[in-house]
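2 protein chains.
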Amino acid sequence: MGYERKEIARTPGYKQGKQPTDAGVVKLNTNENPFPPCRAVIEALHDIDPESLRRYPPPFADAFREVAAGIHGLRPENVMAVNGGDELLRLAITTFVDPGRTIGIIEPSYLLYRVLGELHGGRVVGVEAASDWLLPRDFAAMMNREKAQLTIIVNPHAPSGVLTSDVALAELATRLEGVLLLDEAYADFVDPSRGYNALKLIDRCDNLLVLRSLSKGYSLAGLRFGYGLGAQGLIEPMLTKTRDSYNVDAVAQKLALTALKNRDSARETWKKVREERGRLRAALIDLGMLVPESESNFLLAQIKPGAVSARRVYQELENRRIFVRYFDHPRLRDHLRISIGTVEQNDRLIEELKEILKG
Amino acid sequence: MGYERKEIARTPGYKQGKQPTDAGVVKLNTNENPFPPCRAVIEALHDIDPESLRRYPPPFADAFREVAAGIHGLRPENVMAVNGGDELLRLAITTFVDPGRTIGIIEPSYLLYRVLGELHGGRVVGVEAASDWLLPRDFAAMMNREKAQLTIIVNPHAPSGVLTSDVALAELATRLEGVLLLDEAYADFVDPSRGYNALKLIDRCDNLLVLRSLSKGYSLAGLRFGYGLGAQGLIEPMLTKTRDSYNVDAVAQKLALTALKNRDSARETWKKVREERGRLRAALIDLGMLVPESESNFLLAQIKPGAVSARRVYQELENRRIFVRYFDHPRLRDHLRISIGTVEQNDRLIEELKEILKG
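Line order of the protein sequences matches chains A and B.
Numbered according to this note's numbering, the first sequence spans residues 1 to 359.
Numbered according to this note's numbering, the second sequence spans residues 1 to 359.
Just to be clear, a hint being listed does not mean it is correct.
Copies of the same chain are indistinguishable here, so a pair counts whether it falls within one copy or spans any two.
[Stated by the list, open to error] The list that follows gives simulated cross-link-like pairs (lysine to any residue, SDA-like), each with its CA atoms no further than 20 Å apart: (1) Lys18 to Asp264; (2) Lys271 to Arg281; (3) Lys261 to Pro36; (4) Lys354 to Pro76; (5) Lys18 to Ser245; (6) Lys6 to Gln232; (7) Lys358 to Pro59; (8) Lys261 to Lys358.
Hints are computed from structural coordinates only; laboratory data are not their basis.
Pulled out of the complex, with its shape left as it was, chain A reads as follows (with noise of 0.2 Å):
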């Protein structure tokens, strides 16, 4: 017999992607930035103060909230610091959404979304992407008739990498009456020249809610380090009340800081990721594969239909040592989710997958 509740026994939970630790894999199937964290975070760790590990952290990360308010033009009242972005998604559900009422939320997108709505006893309404991935048509209308209490979409797209303009964000949350979480968690990657700046919104929407992550955009996954940006009432509770007091730990406090400050060294892994990314995508679409303009650090690559299937592609690079993403979900199963990897890996990508597909 088991003690769990009902809700948790028949929810599945969600998998997380293969984590092989082996040298010479070449990891392209969790979206990690393929370059090292900067020097002056490797520096930090190294000049952690035993006593800082001996004590309570501080409790609201207020060093850190203080620099992160200051690069995005906000206040401190605006930013709370979370561990990993997993815990974000999991702290605006469980803060505004009522168990039985509607979380709504576009599929395919990040799995967890609707893992973690069930978790909490949500009614979560999938509501199909557009076929060029962006909104669906009347977005904002369908979730104010399902009385969503919150709706959460990823921008730029996952797993397309397709971006929504910050234009199309602006009228999306002033049309929703529930709260918008937008997850940016590869909002890094976004090529500069489109302009794109959703956070200039949080002034004008009170029902904003912004998700930053260092996992993807200062190579710090292993870090589990992200932040919320909002309105202060949104913050707030999530601060005050609904997050585990000591939420954020000494070390991730002071290595996110640090990050934060060294942005120009993040920065330019940004760059390197976006011209890998043009290479990647020319190279992928030369193998006759479908590939829409990412803005991310992946590339969702649709395999040329009567040809080799995207499972036995992904299971052939498996067996290669080079480990991509493939979901077993309907409008996924011709395709495959491929994190931009280093130019050697891209190479050795693009070799083998022209191996597979002639075969």
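Knowing the structure of chain A, use the given hints to seat chain B on it.
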């Protein structure tokens, strides 16, 4: 207007103890271990491979689970790592308690139990601790009558430090119809001569979940690392479903593993804390206070009636840069909770107390 749920809006939230950071402060208010973490942990910190920051951490902290299981004579399936003990408290509540159903606690104890229970929408039933701070009479029967899905107790008890025997715990777990969460955050400081060992009950009680923490025993409060021990049927739903999918970062995993492997070093601090506990208790009793025998790293001192009030002593100490904890709770208004410090810190506390109580 606020977007947060009514339950959240009306909950006051948990208030952390003060965390002053200025040098010269004698900080005896949040039960940190006064001795630094062991050298091997600091060396492990300096040896962190930047690659382990770039990548996602091992999702289940399997290496840590293996070592912890070995130390406690259990299997890895009986262990899960959490981002500080608070996370396990929250997970137990969200996993085992339906909103509206009962969570049983003893009062006073750790204030967070009630806060987390209420945030979840649970019905928190607090039963007053016996006059000697042990379990209330007929506690199991009371909990069963209330149909408690989860009962949370801390042993050694906080804030008194009094130890309930494992025999009494065995009876409680056996009689309870719901889950028993036994918070052993302070168990490392129990005198070995007491022969206390509640972990051996895990094999026979499928409803017993034990919380351990590295915050106190291992001088790692800043790292946020705890772990849960229990039957696989209790651990699994939290490990694979309700837990955030990468809840413990790579640095914390490595340092926690190192700390456990170098337990002998921590054990020396436990011994020193016990010695100082005895000495400080005797000194407080000499000052006319009533101080129950504590098996924890703090003492609960009841100030002599008619003399200076406990709140006044607390404030006077703070004026002299010595921080202890005062709780505005009916049974605690004439008490102070004092963490055991180093010899020098305890000496200074005793000197200042003498002065304050004179006046």
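| said: With identical chains, the pair Lys6 and Gln232 could be close in the same copy or across copies; at 20 Å between alpha carbons, which is it: within, between, both, or neither? | reply: between (35 Å within a copy, 17 Å between copies)
| message | One pair to classify: Lys18 and Ser245, alpha carbons no more than 20 Å apart. Within, between, both, or neither? | response | between (31 Å within a copy, 13 Å between copies)
| said: With identical chains, the pair Lys354 and Pro76 could be close in the same copy or across copies; at 20 Å between alpha carbons, which is it: within, between, both, or neither? | reply: neither (50 Å within a copy, 43 Å between copies)
| said: My question is about Lys261 and Lys358: at a cut-off of 20 Å on alpha-carbon distance, are they close within one copy, between copies, both, or neither? | reply: neither (48 Å within a copy, 52 Å between copies)
| request: With 20 Å as the alpha-carbon cut-off, assign the pair Lys271 and Arg281 to within, between, both or neither. | output: Within one copy, since 15 Å is at most 20 Å while 62 Å is not.
| request: Go through the copies and call it for Lys261 and Pro36: within, between, both or neither, with a Cα cutoff of 20 Å. | output: Result: close within a single copy only, 16 Å intra versus 29 Å inter.
| query | Within a copy, between copies, both or neither: where do Lys358 and Pro59 come within 20 Å Cα-Cα? | reply | neither (57 Å within a copy, 36 Å between copies)
| task | First find the shortest C-alpha distance between Lys18 and Asp264 inside one copy, then the shortest across copies, and answer within, between, both or neither for a cut-off of 20 Å. | result | neither (31 Å within a copy, 36 Å between copies)
This entry does not satisfy hints 1, 4, 7 and 8, going by the numbered hints stated previously.
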